[in-house]
Amino acid sequence: MPNDIRPLPVFRTEAVTRVYRTGMVEVWALRGVDLSLAEGEMVVLLGASGSGKSTLVNILGGLDLPSGGRVYFRDRDLRRASDRDLTRFRRDHVGFVFQFYNLVPSLTARENVALVTEIAADPMTPQEALDRVGLAHRMDHFPAELSGGEQQRVAIARAIAKRPDVLLCDEPTGALDSKTGIQVLEALHEVNRDLGTATVLITHNASIQRIAHRVVVLADGRITRDEVNAARVLPGEVSW
Amino acid sequence: MRALDRKMLRDLRRIWAQSLAIALVLGCGVMVLVGAQATQATLVTTQAAYYERHRFADIFAGATRAPEGIVEAARLIPGVAQAEGRISFQAVLDIDGMEEPATGQILSLPATGPELNLPLLRLGRLPDPDRAGEVALAEPFAETHGLTPGSRFRGVLNGQLRELAVTGWVLSPEFIYTMPPGAMMPDDRRYGLIWMNADAAAAAMDMSGAVNDITLRLTRDADERAVIAALDQLLDPYGGTGAHGRDRQVSHAFLDGELSQLGAMAAYLPPIFLIVAAFLVNMVLGRLIAMERAQIGLMKALGYGRREIASHYLMLAGLIGVVGVGLGWAFGWWIADAMIGLYGDFFRFPFIIREWGAQALVISAVLGLATVALGGLRAVWASLKLPPAEAMQPPAPPRFSRGIADRALTRFRFRQTTMMIFRSILRWPGRAAITLFGVAASVGVLVMSYFIFDAVERLGDSVFQQANRQHVTLMLSNAQTDRAVQDALSLPGVLGAEGAYAVPVRASNGHRDRLTALQGHFPGAELARLVDDAGRVVTPPRDGGVLPEMLARALDIRVGERLTLEMLSAPRITLQMPVVEIIAQGMGQEAHIAAEALFAAMDSGPQVNMIHLAVQSDRMADLNDAIKTTPRIGGLLDWAEVRRQFDATLSDNLLTMVGIYTLIGVLIAIGVVYNAARIQLAERSYELASLRVLGFSRAEVGYVLVGEIMLLTLVAIPLGWVVGYGLALGLVDAMSTDMFQIPFHITRRTFALAALAVFLAALGSVLMVRRRLDRVDLATALKARE
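Going line by line, the protein sequences match chains A and B. Per the numbering used here, the very first residue in the first sequence carries number 89; after that it's consecutive. Per the numbering used here, the very first residue in the second sequence carries number 234; after that it's consecutive.
Treat the hints with care, since some could be wrong.
[Claimed, not checked] Listed next, the stretches of chain A that the computed footprint assigns to chain B, with coverage defined by at least 3 CB atoms under 8 Å from CB atoms of chain B:
| no. | region |
| --- | --- |
| 1 | 178-187 |
| 2 | 199-205 |
[Stated by the list, open to error] Among the chain A residues that face chain B by a calculated CB cut under 10 Å, a handful are:
| no. | residue |
| --- | --- |
| 3 | S142 |
| 4 | A169 |
| 5 | T175 |
| 6 | N190 |
| 7 | V192 |
| 8 | S194 |
| 9 | A208 |
| 10 | D210 |
| 11 | A224 |
| 12 | H225 |
| 13 | M227 |
| 14 | D228 |
| 15 | F230 |
| 16 | A232 |
| 17 | S235 |
| 18 | A247 |
Honestly, the hints are just simulated from the structure, not real lab data. Where a beta carbon is used, it is the ideal one built from N, C-alpha and C, also for glycine.
Next comes chain A alone, as it looks inside the complex:
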């Protein structure tokens, strides 16, 4: 593909910085990040704690605003978005998966997914979403009745049910053992493969990087490595 004719990236950041001020102290979480994410791409973000991975993902997902630089979702400048615009943006385009699942304990698996399908523009049914993560048979269980891996798969179903443009996953396997962690990665892999959803996956577990198209490494708020995986492996081949 010639260099000058490329599809519009899903996300593009230019010199993004993020400074937290607590009292007299300034903490630079991001010190100028340039990154772009293509349609259908799966990117693993690696880095030690405090390297700025979560801050970057929060900014991409509209949970936080950069202190400097530019962030584009397609051709929209997220830095100029109002709170209302960001809510709309999250509702229509972004799926989140968190380390601690963030399920609503008072709703069953199906209802947790319905929470999103009720407000999304063109959702799949809760059943379909749960089917995709292999949990259709556990649909009427409350979170407290599900294992950690199952809860995380419900969270993934909830994230994809709206057919998001991008899936942002912050340490989705962080609280899981390796066996259930692999099940969760398989679910993410299938969604990326079958629906073509661009996926950003934060982890500090280096062995996971091999399942991605691309690996971006952050340290001290800067990108220190950005390379395409020559040989991807399936989640089932990963071990830690």
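Assemble the complex: chain A is given as a structure, and chain B must be docked to it using the hints.
This is chain B only, laid out in the frame that chain A set:
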């Protein structure tokens, strides 16, 4: 300072708003207790001291005309310490600047100075024994008319117009509450007490060497009933109108009624507030401490013992308790000061002996601190039982399960956010119940407060719109034939006239007796009617009498039993009358009989001693002028004025009281709802932030928080109506005195107002908490799982 103490102070600062809300509710309970008790104690002590210093008599008796020597005979009755005879009579007064006539009660002052019921000189001097036309006036009356020493006014004394000169203003323990005869409320404009030299009074009334009013002071161990019986016997040949103790002395009886109502309030209301406060403190402290679970685990991991940790949190609870009790004391004193000021002015106590109500202070402090300690202890105990490692972990997600209620709810296919509301209520029914109880209690308190207005309105309506439709009542000096009614029709402006007859009686049933009046009702009376509290017009039948409930209760008499009525003025006969009906009448004290039956028993033709008039409103001035010069008329009651006094007196006192209770009711609602919402927010901020992340707007997320609380509020309102109904019923019971019973009647307006006030207070509180949702930082709320 130890680190743990520092932590406590910082924790307190962090949760200051919630702590303050708890302290305020607790303070309300303490405030009512301290305020009411201090007011009551102060007024009771002041009353006693006033009576003692001014030698208020114990026994009072009237007669038509008794020789002066009877006073000495009365002094010799066993148990009597002091006796004094006076001349007492009523006069119509003509005062400059006052269109209508006023009524004066003239009392003679012995030349040697009074020994009982000592008047307290407030301004000027007492009348000079050598100057016949000098008088001292009761301060309230004199002040109302600006009759300073040196002023003059005119009075019709025994049919003769006399000019009287004012020498001074006085107060008397005998007339703390000055009720014009026939009126229901004090009237300082139209009714005044006048003290005159004994010689001058005797000359004016042709009573030289005679008295018609005797007062006695008893020794400490005297038998009041025996003294009354002996005095009655002594006065019987001289037209005695029945001796009585302080309990039937108008001023004392009303003052006592007022004070016992205050006492009832002090006993009835504070427990309600303290119970609500206890629940609330329990709930809030419980949740606050439950959220400290990780810190409790950490402290245990660091080597703190259970006792140290428990005392740490109990101290936190204790501090909130101390603030609450302190606020309650401060506001209680402030309220007591306000109430004492109000009552002090109303009764014109010449001095106030301020009582602090030490007992109430101690009780409220003990109850207040016990309340917070209990709430704190319960919560700390649950956390202390956990092993430290587990306590430091985030709590497991709460278990939800499918009950019958849940399955029913699912059928409705609510939105998921609505399901979250219902499931939260079903999952923590205890917590929802406390919110329900608290909000219901505040609705109840408001219903009870506003009910007082309903009751007064009902009472006013019954007395002024239903029973007494006359504009003016004329009191005749002596009973006359019914020709007097025809004569009254010729007075200027009179549209209609109706005669009435009332005679003072001693009503007795066995050993119980009461001094009251027997009212004879003429058939076809349209102006003044006998009406019960339900608005029903009662016509006494010919074969017996009708009694109001309170009189029947005092005499312990039932329908069908016979009542003995001993007339205390001419013709002084004794009747036996079967009771044919007992009616509910809040202000009724008198016995009623058909006039025809009464005159048949008296063996006399029809007589009248009162005439009720309907008057053209623009001719009142002419009527007043005519009455001032009509000697047979002893007094006049202008019902518009009576109504004005009734409204003014009640509205002053009631507005203050109802204002305070409204404040308290609203404070409870705010305290309960604000705390419930804050707890919700703290416990579910993670969940609510998740909703925001998923793309729910602020309003949609706010709906989950506001919806749950407001749903509970809506359910609590009808419950609160039931609570209010019960509280009002209890209040009626607690505040009823021998003289007065509050009619029980709650309007829809009261229910609606109470509901509205609480609804708005709840909405305001929860919206205040909802604003905090906007400040939750989504990224950190999701990371920091606590």
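We went through each hint and held it up to the structure:
{"no.": "1", "hint": "178-187", "verdict": "holds (count 6)"}
{"no.": "2", "hint": "199-205", "verdict": "holds (count 5)"}
{"no.": "3", "hint": "S142", "verdict": "holds (7 Å)"}
{"no.": "4", "hint": "A169", "verdict": "violated (13 Å)"}
{"no.": "5", "hint": "T175", "verdict": "holds (5 Å)"}
{"no.": "6", "hint": "N190", "verdict": "holds (4 Å)"}
{"no.": "7", "hint": "V192", "verdict": "holds (5 Å)"}
{"no.": "8", "hint": "S194", "verdict": "holds (4 Å)"}
{"no.": "9", "hint": "A208", "verdict": "holds (8 Å)"}
{"no.": "10", "hint": "D210", "verdict": "violated (14 Å)"}
{"no.": "11", "hint": "A224", "verdict": "violated (18 Å)"}
{"no.": "12", "hint": "H225", "verdict": "violated (16 Å)"}
{"no.": "13", "hint": "M227", "verdict": "violated (13 Å)"}
{"no.": "14", "hint": "D228", "verdict": "holds (8 Å)"}
{"no.": "15", "hint": "F230", "verdict": "holds (4 Å)"}
{"no.": "16", "hint": "A232", "verdict": "holds (4 Å)"}
{"no.": "17", "hint": "S235", "verdict": "violated (12 Å)"}
{"no.": "18", "hint": "A247", "verdict": "holds (9 Å)"}
Against the hints set out earlier in the document, violations occur for numbers 4, 10, 11, 12, 13 and 17.
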